[in-house]
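A.B. asks: With the hints as extra help, turn the sequences into a complete structure.
There are 2 protein chains.
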Amino acid sequence: MKTIYNPTRSEWTKALQRPIQKTKAIDKIVKPIMRKVSRMGDKALKKFALEYDHVTIKTLLVSNEEVLKAREQIDPKLKEAILVAKENIEKFHAAQAQPDLVMEVMEGVTCMRKSVPIQRVGLYIPGGTAPLFSTVLMLGIPANLAGCEEIVICTPPDKEGNIHPAILFTADLIGIDKIVKAGGAQAIAAMTFGTESVPKVDKIFGPGNQYVTAAKQLATKKGVAIDMPAGPSEVLVYADSSAIPSFVAADLLSQAEHGVDSQVILVASSEKVTKKVLKEMEEQLENLPRKDIAKRALDNSVAVIMGKEENAIELINDYAPEHLIICVENEDFVVSQIVNAGSIFIGNFTPESAGDYASGTNHTLPTYGYAKNYSGVSLDSFVKKITYQKITEKGIKKLGPTVEIMAANELLDAHKNAVSIRLKYLKEKK
Amino acid sequence: MKTIYNPTRSEWTKALQRPIQKTKAIDKIVKPIMRKVSRMGDKALKKFALEYDHVTIKTLLVSNEEVLKAREQIDPKLKEAILVAKENIEKFHAAQAQPDLVMEVMEGVTCMRKSVPIQRVGLYIPGGTAPLFSTVLMLGIPANLAGCEEIVICTPPDKEGNIHPAILFTADLIGIDKIVKAGGAQAIAAMTFGTESVPKVDKIFGPGNQYVTAAKQLATKKGVAIDMPAGPSEVLVYADSSAIPSFVAADLLSQAEHGVDSQVILVASSEKVTKKVLKEMEEQLENLPRKDIAKRALDNSVAVIMGKEENAIELINDYAPEHLIICVENEDFVVSQIVNAGSIFIGNFTPESAGDYASGTNHTLPTYGYAKNYSGVSLDSFVKKITYQKITEKGIKKLGPTVEIMAANELLDAHKNAVSIRLKYLKEKK
Numbered sequence: 002m003k004t005i006y007n008p009t010r011s012e013w014t015k016a017l018q019r020p021i022q023k024t025k026a027i028d029k030i031v032k033p034i035m036r037k038v039s040r041m042g043d044k045a046l047k048k049f050a051l052e053y054d055h056v057t058i059k060t061l062l063v064s065n066e067e068v069l070k071a072r073e074q075i076d077p078k079l080k081e082a083i084l085v086a087k088e089n090i091e092k093f094h095a096a097q098a099q100p101d102l103v104m105e106v107m108e109g110v111t112c113m114r115k116s117v118p119i120q121r122v123g124l125y126i127p128g129g130t131a132p133l134f135s136t137v138l139m140l141g142i143p144a145n146l147a148g149c150e151e152i153v154i155c156t157p158p159d160k161e162g163n164i165h166p167a168i169l170f171t172a173d174l175i176g177i178d179k180i181v182k183a184g185g186a187q188a189i190a191a192m193t194f195g196t197e198s199v200p201k202v203d204k205i206f207g208p209g210n211q212y213v214t215a216a217k218q219l220a221t222k223k224g225v226a227i228d229m230p231a232g233p234s235e236v237l238v239y240a241d242s243s244a245i246p247s248f249v250a251a252d253l254l255s256q257a258e259h260g261v262d263s264q265v266i267l268v269a270s271s272e273k274v275t276k277k278v279l280k281e282m283e284e285q286l287e288n289l290p291r292k293d294i295a296k297r298a299l300d301n302s303v304a305v306i307m308g309k310e311e312n313a314i315e316l317i318n319d320y321a322p323e324h325l326i327i328c329v330e331n332e333d334f335v336v337s338q339i340v341n342a343g344s345i346f347i348g349n350f351t352p353e354s355a356g357d358y359a360s361g362t363n364h365t366l367p368t369y370g371y372a373k374n375y376s377g378v379s380l381d382s383f384v385k386k387i388t389y390q391k392i393t394e395k396g397i398k399k400l401g402p403t404v405e406i407m408a409a410n411e412l413l414d415a416h417k418n419a420v421s422i423r424l425k426y427l428k429e430k431k
Numbered sequence: 002m003k004t005i006y007n008p009t010r011s012e013w014t015k016a017l018q019r020p021i022q023k024t025k026a027i028d029k030i031v032k033p034i035m036r037k038v039s040r041m042g043d044k045a046l047k048k049f050a051l052e053y054d055h056v057t058i059k060t061l062l063v064s065n066e067e068v069l070k071a072r073e074q075i076d077p078k079l080k081e082a083i084l085v086a087k088e089n090i091e092k093f094h095a096a097q098a099q100p101d102l103v104m105e106v107m108e109g110v111t112c113m114r115k116s117v118p119i120q121r122v123g124l125y126i127p128g129g130t131a132p133l134f135s136t137v138l139m140l141g142i143p144a145n146l147a148g149c150e151e152i153v154i155c156t157p158p159d160k161e162g163n164i165h166p167a168i169l170f171t172a173d174l175i176g177i178d179k180i181v182k183a184g185g186a187q188a189i190a191a192m193t194f195g196t197e198s199v200p201k202v203d204k205i206f207g208p209g210n211q212y213v214t215a216a217k218q219l220a221t222k223k224g225v226a227i228d229m230p231a232g233p234s235e236v237l238v239y240a241d242s243s244a245i246p247s248f249v250a251a252d253l254l255s256q257a258e259h260g261v262d263s264q265v266i267l268v269a270s271s272e273k274v275t276k277k278v279l280k281e282m283e284e285q286l287e288n289l290p291r292k293d294i295a296k297r298a299l300d301n302s303v304a305v306i307m308g309k310e311e312n313a314i315e316l317i318n319d320y321a322p323e324h325l326i327i328c329v330e331n332e333d334f335v336v337s338q339i340v341n342a343g344s345i346f347i348g349n350f351t352p353e354s355a356g357d358y359a360s361g362t363n364h365t366l367p368t369y370g371y372a373k374n375y376s377g378v379s380l381d382s383f384v385k386k387i388t389y390q391k392i393t394e395k396g397i398k399k400l401g402p403t404v405e406i407m408a409a410n411e412l413l414d415a416h417k418n419a420v421s422i423r424l425k426y427l428k429e430k431k
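As given, the protein sequences belong to chains D and F, one line each in that order. Residues in the first sequence are numbered from 2 upward in steps of one, following my numbering. Residues in the second sequence are numbered from 2 upward in steps of one, following my numbering.
Some hints could be false.
Because identical chains cannot be distinguished in the list, a pair is counted as satisfied if it fits within a single copy or across any two copies.
Calculated pairs, DSSO-like style, for lysine-lysine (alpha carbon to alpha carbon, straight line, at most 27 Å) [as the list claims (entries may be wrong)]:
id, residue 1, residue 2
1, Lys398, Lys277
2, Lys292, Lys280
3, Lys32, Lys222
4, Lys179, Lys92
5, Lys29, Lys223
6, Lys399, Lys87
7, Lys201, Lys15
8, Lys428, Lys276
9, Lys277, Lys309
10, Lys386, Lys87
11, Lys223, Lys23
12, Lys92, Lys115
13, Lys425, Lys87
14, Lys386, Lys115
15, Lys425, Lys276
16, Lys25, Lys223
17, Lys222, Lys201
18, Lys44, Lys59
19, Lys29, Lys222
20, Lys44, Lys223
21, Lys32, Lys223
22, Lys399, Lys80
23, Lys15, Lys277
24, Lys48, Lys222
Calculated directly from the structure, the hints in this document are not laboratory data.
C.D. replies: Below, the structure written as structure tokens:
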């Protein structure tokens, strides 16, 4: 981890540069996969499972028996933890619902706005080394609360063709019964085009490797929406002497263990704070099972000493971190000044892990600077808002002339005529 | 306009197929424009103005004098109409604000969610035959209400290098003072990369021709967000014998005059209704100044006779029209069954024009089937929602064990450790 001292704006921009994502080479691999799935459906999914996951899949859909078995396999303590997390996530996401808006804007002109669930959604849950059942909670709960009609999960099977029981248990717990044994770009393709076993969906959610990310981007060209553009995960911790160095170190490391491309940034008020944190990191790192990954992630990472609070705030807003942990004396003021961040963790006893798993907020957040223009996943992500209007005879008499003048000035006479013909009718009716 | 009778699902899907958009050829023209603007800034904008708009631009930014002059040039009646529209749009969009969410999810674990304005937004207002000052209202008003720090408008100048006074007047009225004389892909490029005169923005809004659309898509690869994917405008009118045929005809024509690629669909309960509407359309068409455009748009268009209401509803939801006008006896039930549409106009006295200009709803809506997974522009489009959390010592003691178990089961030990280290500290503190 490199340390830089009170950098100027151009220095920090350079030091905090995110890695450039090369997508062309990946697209070349992913495009033919997408095409094959669109043409051959389930057959292609099975072929790619054999080719990439080295497993023969007979039935793509997880059976009821597999779900029942999973229930028994889960450690009761884990079950209980998942239930606590579910409850918190449900509470916080249910509270995000927006009531219908009904407004008589002027006499006889009523405008409305209503949240309507996106009908069919697909949730991608990565496989790999860890079973990400927490992502099942984070995507499945708001999809359910929104009232999406069809919810499908795609997740890669292990070498025996099984899905991890924690994933099956969690999906079952929140009432998702369509789980497909398919991973990678082929899973995204299946949800984009639909196959015999996999429904075509309107929106695809979920994290994944660079192939999954590329496939999601390609899906957007086929009329499918996605949750947000993806990039490697990142955390920025802003700490002063009120921060407990061992906590800061633990938080930075918890981000670093995600992957070798994770970015971890410490912004500290002084050299003293920085040194303490770095020393703690070195010690804690040695005891981590994933220390090789974490070490490599730390190579992309930087500690910035920023003496002035206002400069630190400017740097944070410019970087727009996915996760932002604020451990400073003046926390209320600093929090109020942050305009670009995915999710903010305040104070010494608020580790990022809490939000990653169980406090109630969503962990699917904008990375790679997208916190400037995107929100994290929330209940909103699973609905679209439809507007409505109803105008009475009195209403069109009142509003009509305004519309006629505006349409005429935009040289759109048929637009004007749609009003004029109604006003004429009402005049003649009298 | 072709008529089809009680089509089966496969027939209607074929008949209502939207035109395929060819983007590769356009991208080839737009990419070098983007590159040149990113390298040469203002100089490139002036060069392209000369090349494409045939005008020499000395100063890209509209001056205060030009705005003052525009105020005087506007017909007082148009001024008044714009003021009425502004008031309605402001009312309806202001009511869309969501209050901050603060929730103690469990004792000592407080989660929050707050709307924060996107800092820098760019609004593209097309030039061409008509001065679209209504779009200035539809984008500028919510940008202002959201509290975006920097709002810039790009719009192409006329042959004399001027911007239409109605656009300047409207922008001034809502307090937008940065207006750039630049149109086409080069304007989108300028807002994507920033130039000497044009700020780099976080999100770009607004309609445009296929070059503008292509440039917006390319901008998304440079970290900029856009309002939504674009396609030709469209309306679907669902009418039975309670609909007034001349009104339905006028509404269909007002969509058809937009452009030759507009799509106009009539779904009628009977042949009788269809015939009456088509006859009215023929008569009204002859009097329209833009009848040549409208005629060509009608070639892409279709009347579908659907005897059964439930089939009509299914067809509408499958097509997911940008604008949906419902003029049927059973309107409450039908409206309640619609799950895919951009904006819905209910009853005989609610023309689409009302929402296009002045009733209060936004006219920037998802076309091309994107109403299945996107909302129209609203106040939401100009904010992102940031989540926050603050956990007390008591809170982490309560929630911590849940996080530890979940993290351990996802094999993320550093995540677990970020909690354990805090719990240990608290235990030792006692």
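A.B. asks: Work down the list of hints and note, for each, if the structure agrees.
C.D. replies: Hint-by-hint comparison with the structure:
Taking the shortest alpha-carbon separations for Lys398 and Lys277, only the inter-copy value of 25 Å comes in at or below 27 Å, while the best intra-copy value is 73 Å. Proximity of Lys292 to Lys280 under the C-alpha cut-off of 27 Å is restricted to the intra-copy arrangement: shortest distance 15 Å within a copy versus 76 Å between copies. Proximity of Lys32 to Lys222 under the C-alpha cut-off of 27 Å is found in both arrangements, the shortest distances being 12 Å within a copy and 18 Å between copies. When the C-alpha separation of Lys179 and Lys92 is checked against a cutoff of 27 Å, the pair qualifies only within one copy, where the shortest distance is 24 Å, while the shortest distance between copies is 43 Å.
Proximity of Lys29 and Lys223 under a CA criterion of 27 Å is satisfied in both settings, with 17 Å inside one chain copy and 20 Å between copies. For a Cα distance limit of 27 Å, the shortest separation of Lys399 from Lys87 across copies, 15 Å, qualifies, whereas the shortest one inside one copy, 51 Å, does not. For a Cα distance limit of 27 Å, the shortest separation of Lys201 from Lys15 across copies, 18 Å, qualifies, whereas the shortest one inside one copy, 42 Å, does not. For the homomeric pair Lys428 and Lys276, the shortest alpha-carbon distance between copies (26 Å) is at most 27 Å, but the shortest distance inside one copy (82 Å) is not.
For the homomeric pair Lys277 and Lys309, the shortest alpha-carbon distance inside one copy (19 Å) is at most 27 Å, but the shortest distance between copies (74 Å) is not. Proximity of Lys386 and Lys87 under a CA criterion of 27 Å is satisfied in both settings, with 26 Å inside one chain copy and 21 Å between copies. In this assembly of identical chains, the alpha carbons of Lys223 and Lys23 lie at most 27 Å apart whether taken from the same copy (22 Å) or from different copies (13 Å). When the C-alpha separation of Lys92 and Lys115 is checked against a cutoff of 27 Å, the pair qualifies both within a copy, at 21 Å, and between copies, at 16 Å.
In this homomeric assembly, Lys425 and Lys87 come within 27 Å of each other (Cα to Cα) only across copies, at 26 Å, whereas the closest approach inside a single copy is 59 Å. For a Cα distance limit of 27 Å, the shortest separation of Lys386 from Lys115 qualifies both inside one copy, at 5 Å, and across copies, at 19 Å. With identical chains, the CA atoms of Lys425 and Lys276 are at most 27 Å apart between copies only, with a shortest distance of 23 Å across copies and 80 Å within one. Taking CA atoms no more than 27 Å apart as the test, Lys25 paired with Lys223 passes in both settings, with 18 Å inside one copy and 15 Å between copies.
When the C-alpha separation of Lys222 and Lys201 is checked against a cutoff of 27 Å, the pair qualifies both within a copy, at 14 Å, and between copies, at 25 Å. Taking the shortest Cα distances, Lys44 and Lys59 sit within 27 Å of each other inside one copy (10 Å), while across copies they are farther apart (62 Å). With identical chains, the CA atoms of Lys29 and Lys222 are at most 27 Å apart both within one copy (16 Å) and between copies (17 Å). Taking CA atoms no more than 27 Å apart as the test, Lys44 paired with Lys223 passes inside one copy only; the shortest distance there is 21 Å, against 37 Å between copies.
In this assembly of identical chains, Lys32 and Lys223 lie within 27 Å of each other by CA distance both inside one copy and across copies; the values are 12 Å within and 21 Å between. Proximity of Lys399 to Lys80 under the C-alpha cut-off of 27 Å is restricted to the inter-copy arrangement: shortest distance 17 Å between copies versus 61 Å within a copy. Proximity of Lys15 to Lys277 under the C-alpha cut-off of 27 Å is restricted to the intra-copy arrangement: shortest distance 25 Å within a copy versus 67 Å between copies. For the identical chains of this complex, Lys48 and Lys222 are intra-copy neighbours only, at 25 Å inside a copy versus 32 Å across copies, given an alpha-carbon limit of 27 Å.
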